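2 protein chains.
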Amino acid sequence: MFGFAVKALLILCVLGVPLQSNADERRWGTASLVVIIERQAGSVLIIDSSRHELLGRVSGLGNLTHATVKFSPDARYAYVLGREGEVSKIDLLTLKLVKKVSAGKLSVGGVISQDGKYVALSNYVPGEVRILDADTLELIKTIPALYTDGSDKDGKELPSRVVGLVDAPGNLLVFSLMEANSIWVVDAGKKEFPVIRKFADVGKTPYDALISPDGRYYLAGFLDSNWMGLLDTWRLDRVTPILAEQGKGPEVPLWKIPHLKGWAITGRLAFLPALKREVALVYSTLDWTPLTPIPISGTALYTVARPDGRQVWVDIIGKNGDLIDVIDVDSMKVIKTLNPGPGATHPQFTPKGDAAYVSLMDGGKVVVYDTATYQVLKEFPADHPSGIFFANRAHKFGM
Amino acid sequence: MFGFAVKALLILCVLGVPLQSNADERRWGTASLVVIIERQAGSVLIIDSSRHELLGRVSGLGNLTHATVKFSPDARYAYVLGREGEVSKIDLLTLKLVKKVSAGKLSVGGVISQDGKYVALSNYVPGEVRILDADTLELIKTIPALYTDGSDKDGKELPSRVVGLVDAPGNLLVFSLMEANSIWVVDAGKKEFPVIRKFADVGKTPYDALISPDGRYYLAGFLDSNWMGLLDTWRLDRVTPILAEQGKGPEVPLWKIPHLKGWAITGRLAFLPALKREVALVYSTLDWTPLTPIPISGTALYTVARPDGRQVWVDIIGKNGDLIDVIDVDSMKVIKTLNPGPGATHPQFTPKGDAAYVSLMDGGKVVVYDTATYQVLKEFPADHPSGIFFANRAHKFGM
Chain A
1 MFGFAVKALL
11 ILCVLGVPLQ
21 SNADERRWGT
31 ASLVVIIERQ
41 AGSVLIIDSS
51 RHELLGRVSG
61 LGNLTHATVK
71 FSPDARYAYV
81 LGREGEVSKI
91 DLLTLKLVKK
101 VSAGKLSVGG
111 VISQDGKYVA
121 LSNYVPGEVR
131 ILDADTLELI
141 KTIPALYTDG
151 SDKDGKELPS
161 RVVGLVDAPG
171 NLLVFSLMEA
181 NSIWVVDAGK
191 KEFPVIRKFA
201 DVGKTPYDAL
211 ISPDGRYYLA
221 GFLDSNWMGL
231 LDTWRLDRVT
241 PILAEQGKGP
251 EVPLWKIPHL
261 KGWAITGRLA
271 FLPALKREVA
281 LVYSTLDWTP
291 LTPIPISGTA
301 LYTVARPDGR
311 QVWVDIIGKN
321 GDLIDVIDVD
331 SMKVIKTLNP
341 GPGATHPQFT
351 PKGDAAYVSL
361 MDGGKVVVYD
371 TATYQVLKEF
381 PADHPSGIFF
391 ANRAHKFGM
Chain B
1 MFGFAVKALL
11 ILCVLGVPLQ
21 SNADERRWGT
31 ASLVVIIERQ
41 AGSVLIIDSS
51 RHELLGRVSG
61 LGNLTHATVK
71 FSPDARYAYV
81 LGREGEVSKI
91 DLLTLKLVKK
101 VSAGKLSVGG
111 VISQDGKYVA
121 LSNYVPGEVR
131 ILDADTLELI
141 KTIPALYTDG
151 SDKDGKELPS
161 RVVGLVDAPG
171 NLLVFSLMEA
181 NSIWVVDAGK
191 KEFPVIRKFA
201 DVGKTPYDAL
211 ISPDGRYYLA
221 GFLDSNWMGL
231 LDTWRLDRVT
241 PILAEQGKGP
251 EVPLWKIPHL
261 KGWAITGRLA
271 FLPALKREVA
281 LVYSTLDWTP
291 LTPIPISGTA
301 LYTVARPDGR
311 QVWVDIIGKN
321 GDLIDVIDVD
331 SMKVIKTLNP
341 GPGATHPQFT
351 PKGDAAYVSL
361 MDGGKVVVYD
371 TATYQVLKEF
381 PADHPSGIFF
391 ANRAHKFGM
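Sequences listed follow chains A and B, in order.
Mapping the first sequence onto UniProt numbering, position 118 (from 1) lands on 118, and the numbers just tick up by one.
Mapping the second sequence onto UniProt numbering, position 51 (from 1) lands on 51, and the numbers just tick up by one.
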């Protein structure tokens with residue numbers, strides 16, 4: 001009896017040791033982890049980009065079509081936001097799904113507040129910003145995106161879809177109301193999350209927005225107006241139309257593409273994909289004047305700047321969809337065309353830009369390039385990989 | 001006998017459980033940790049800035065006068081570099097000193113290579129760059145900083161002190177040779193670490209340098225020349241004198257202060273401490289023309305930009321040494337003067353700038369401010385705290 005107990009306990013204790021030791025060996029810092037969406041499988045891969053090592057896969061995340069990933073400030077947690085309002089919180093130290101909640105019926109992304117305390121969601125249905133506690137995912141506040149349509153004589157309030165939600169310095173949240181043609185600003189540092197500014201008639205049907213890397217300028221795109229709206233968050237006084245010259249012709253403006261997240265802003269230059277044209281558009285961020293477009297191998301989906309701003313990597317859709325063009329910002333031309341393979345998309349860089357990760361949506365892998373030599377450093381098998389999210393987004397506004 | 005064994009094993013197993021559980025509770029992400037030097041005690045404090053929680057103290061690090069801290073790309077490890085060539089590698093997940101080596105007799109800092117593989121040290125004695133494996137701290141390569149003094153007819157090579165060592169895109173290392181009046185560039189992506197450029201006669205007695213946040217421009221300061229040297233690392237073709245206008249008067253140029261690390265570069269503006277004057281100097285980074293200086297409460301030691309560039313915090317030495325001035329970059333004047341206490345120095349920001357940490361060297365604590373409201377969020381007792389190092393330096397060039 002005692003002999004059995006001793007043996008059992010010994011086994012337990014001995015088993016405990018290698019497990020703990022194994023856990024020690026498999027520890028990692030979280031600052032440069034990568035989360036990669038496998039959209040059809042409803043799972044994500046977690047990779048340590050400091051060693052280009054696969055750590056594991058987290059499954060059961062639901063519909064990940066157009067999903068996005070946000071990070072807590074310490075990069076311990078990743079929040080996977082699905083299009084149907086699901087929020088999945090993943091512990092990046094244990095690779096476990098900590099909690100999953102439904103926070104809307106139809107959603108188009110979200111953001112972590114500057115102070116890291118909240119996950120804010122921009123919902124289509126219901127039309128609102130929903131604010132969750134970043135620790136518990138419990139509902140903290142709902143900000144209905146209601147507006148009055150001038151045509152309704154009773155002044156009935158209608159809900160608007162919310163798009164282009166970002167965080168900004170001063171613990172602000174800034175977002176656009178698609179049906180209300182408005183931009184609102186919320187103070188997330190105050191308990192009641194007051195809407196401190198409402199800018200109306202900024203342009204027709206805002207569909208997306210971005211914030212400049214320094215967190216100062218909020219840029220909204222409009223489906224039915226031929227300009228972009230610029231809000232200076234240092235002043236919060238007005239929304240200024242910019243890039244209006246693009247709307248003069250009969251064509252749809254060139255920057256009218258689904259994702260403003262596909263813009264690259266690198267110091268004094270902005271690089272934009274151009275709908276239907278085989279160029280990357282270039283603007284000065286000093287005054288938003290257009291510079292000479294750069295011919296590329298096809299139609300760009302994303303233009304992504306290497307962190308030092310010397311290169312912009314461009315993924316191509318449609319014709320030549322297997323290719324990635326590398327633009328040299330010094331000479332302003334394509335200096336290298338890579339052929340990662342079928343459905344090459346979403347180039348993303350390690351925090352210091354020494355390596356780039358590219359998803360092959362139709363090639364079943366993620367390819368890692370050395371950005372100085374263009375050598376392939378590593379390939380990871382992956383199930384229809386799409387979006388690639390580096391954990392240093394935790395420290396970037398609007399990311 | 002068996003009873004005793006069972007009891008002993010039970011105790012061991014039971015003891016094991018709370019320990020492991022405790023370890024689980026005390027896990028943390030590493031992306032926004034802070035390491036704070038306690039220079040007299042030869043120890044560092046480790047704080048989780050995402051919750052403003054003290055995690056622990058690591059002691060036995062030797063002489064930490066003018067010590068600096070570098071981080072691995074994943075921010076799992078901190079490397080504390082002492083003035084006497086000691087390198088202490090700390091595991092930020094376990095708060096243990098992993099390894100400590102001597103890598104020189106007299107050293108003035110170092111840097112992690114862009115790819116994270118190496119710790120490079122700029123040594124005074126012997127005059128060299130010493131390159132260690134970042135994992136093992138084993139010696140990989142020594143690059144002697146030798147030069148020939150024209151006055152020696154035998155052409156004997158002399159060693160020069162090395163200063164201003166930074167990493168740069170393309171996996172480069174750039175540094176200055178104090179006695180050789182030179183700037184050298186090493187390719188750390190090649191196995192032999194070749195010196196690929198040597199710029200001679202760049203200015204007399206370089207004493208420090210910095211690299212712009214995008215990693216493009218290397219700026220060296222000289223003790224005995226009235227200008228700064230600017231190297232464009234995209235071109236690596238020449239070192240251009242800038243700021244020469246400062247040297248026209250009989251006075252020592254104003255930017256001649258010991259630490260170029262005290263400069264704040266925020267997009268299109270550079271803010272500099274000014275020796276002996278009660279102003280912060282301002283330059284345009286577009287063309288390095290001087291702008292109107294900003295009056296402050298005393299003589300600045302460090303000017304530090306909030307990550308969004310809207311504020312610059314300035315610590316004062318000598319008269320009013322207890323104060324920190326907050327410059328508003330929009331109005332270009334001091335909008336708030338804080339009084340943290342005796343020896344207030346080294347203001348440093350959380351990665352998104354919502355909070356600032358300030359060391360009270362003579363006040364025995366570190367004070368944390370909300371940068372939007374200036375409220376004190378937290379105070380940490382500390383033994384003569386000095387340098388404050390946030391882990392997101394892992395992703396910044398030259399940091």
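Think of the hints as simulated: they come from the structure by calculation, not from any bench.
Predicted model, so just to flag it, every value in this text is computed and none were measured.
Don't take every hint at face value.
What the hints assert, rightly or not - Result set (SDA-like, lysine to any residue): computed pairs, CA atoms no more than 25 Å apart in a straight line:
#: 1; chain 1: B; residue 1: K96; chain 2: A; residue 2: R26
#: 2; chain 1: B; residue 1: K190; chain 2: A; residue 2: A372
#: 3; chain 1: B; residue 1: K365; chain 2: B; residue 2: K141
Index of numbered hints that the structure contradicts, given in increasing order: Hint 3 is the one this structure does not satisfy, whereas the remaining hints hold.
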